[in-house]
Amino acid sequence: NAGVTQTPKFRILKIGQSMTLQCTQDMNHNYMYWYRQDPGMGLKLIYYSVGAGITDKGEVPNGYNVSRSTTEDFPLRLELAAPSQTSVYFCATGGDQETQYFGPGTRLLVL
Amino acid sequence: QKEVEQDPGPLSVPEGAIVSLNCTYSNSAFQYFMWYRQYSRKGPELLMYTYSSGNKEDGRFTAQVDKSSKYISLFIRDSQPSDSATYLCAMSDTGANSKLTFGKGITLSVRP
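Going line by line, the protein sequences match chains A and B. The opening residue of the first sequence carries number 31 in my numbering; numbering runs sequentially from there. The opening residue of the second sequence carries number 27 in my numbering; numbering runs sequentially from there.
Source of the hints: derived by calculation from the structure; they are not laboratory data. From the three backbone atoms N, C-alpha and C, an ideal C-beta is built for every residue, glycine too. Please note that a few of the clues may not be correct.
Unchecked claim - According to the in silico footprint, chain B covers these stretches of chain A (three or more CB under 8 angstroms from chain B): (1) 49-56; (2) 127-140.
Claimed, not checked - Cβ pair distances, simulated, as ranges: (3) B:Tyr77 <-> A:Asn58: 16 to 26 angstroms; (4) B:Asp92 <-> A:Arg107: 41 to 51 angstroms; (5) A:Ser114 <-> B:Gly42: 36 to 46 angstroms; (6) B:Glu29 <-> A:Gly93: 21 to 31 angstroms; (7) B:Ser54 <-> A:Ser97: 33 to 43 angstroms; (8) B:Lys68 <-> A:Ser48: 42 to 52 angstroms; (9) A:Ile45 <-> B:Ala43: 44 to 54 angstroms.
Only chain A is shown next, with the shape it has when bound in the complex (with noise of 0.2 angstroms):
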């Protein structure tokens, strides 16, 4: 049972490059989200999924974007990558709410 799993690890893009940061999860949850953790700002909320099909912005989504075809994947794709978007991202899971387990981040530097 690994819980949630992201890669990659880290990954250095160039301005303007693309990339898709991996989710999955083998606890069946129907609750999935996307954070991003800036130095001495808490996690922001990118994207969030109810359940499979079923996909909504959260609270920084500009430059992002997500799809959630099953219940295990949910994928977050950065178009045009710029500096401002370089952070660690979580990913994260619940089967309700209130109680969210997340993976261990991938660190993304864009140069």
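Starting from the structure of chain A, add chain B where the hints point.
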């Protein structure tokens, strides 16, 4: 006023000390209150979960919620170096699309 405010820290205490971590909030609709612990370069992990007002104890950890004052606390007794981490408070309401609102986190260092 931000929805959730957390003391910025950092906080450094000697081993064995009692630690008090606090958050205040402005949204009276919040009903669920959580504390997450995050070790360096790791994802946050759920530490304590409380519904509405009151206290909840788990080993050396006690979570306290005072909804009348919009104030929550996490107490750590007999603090250990292994407690050194960033602690984030989080809370949510009971709406159909409720989401967690996090504090910015406080970094705790317990000196041996």
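Each hint, compared with the structure:
Coverage of the region 49-56 of chain A by chain B is violated [criterion: at least 3 residues with CB-CB distance below 8 angstroms; count 0]. Interface restraint, the region 127-140 of chain A with chain B: holds (9 residues with C-beta to C-beta distance below 8 angstroms; minimum three). Against the hinted window of 16 to 26 angstroms, the Cβ-Cβ separation of tyrosine 77 (chain B) and asparagine 58 (chain A) comes to about 23 angstroms, which satisfies the hint. Distance hint for aspartate 92 (chain B) and arginine 107 (chain A): a CB-CB separation of about 42 angstroms, consistent with the stated range 41 to 51 angstroms.
Taken as a hint, the range 36 to 46 angstroms holds for the pair serine 114 (chain A) and glycine 42 (chain B), whose Cβ atoms sit roughly 43 angstroms apart. Between glutamate 29 (chain B) and glycine 93 (chain A) the beta carbons are some 23 angstroms apart, a value that agrees with the proposed interval 21 to 31 angstroms. Under the hint 33 to 43 angstroms, the C-beta atoms of serine 54 (chain B) and serine 97 (chain A), about 36 angstroms apart, fit the expected range. A beta carbon spacing of about 27 angstroms between lysine 68 (chain B) and serine 48 (chain A) contradicts the range 42 to 52 angstroms that was offered as a hint.
Under the hint 44 to 54 angstroms, the C-beta atoms of isoleucine 45 (chain A) and alanine 43 (chain B), about 46 angstroms apart, fit the expected range.
Going down the numbered hints, you'll see the structure goes against 1 and 8, while the others check out.
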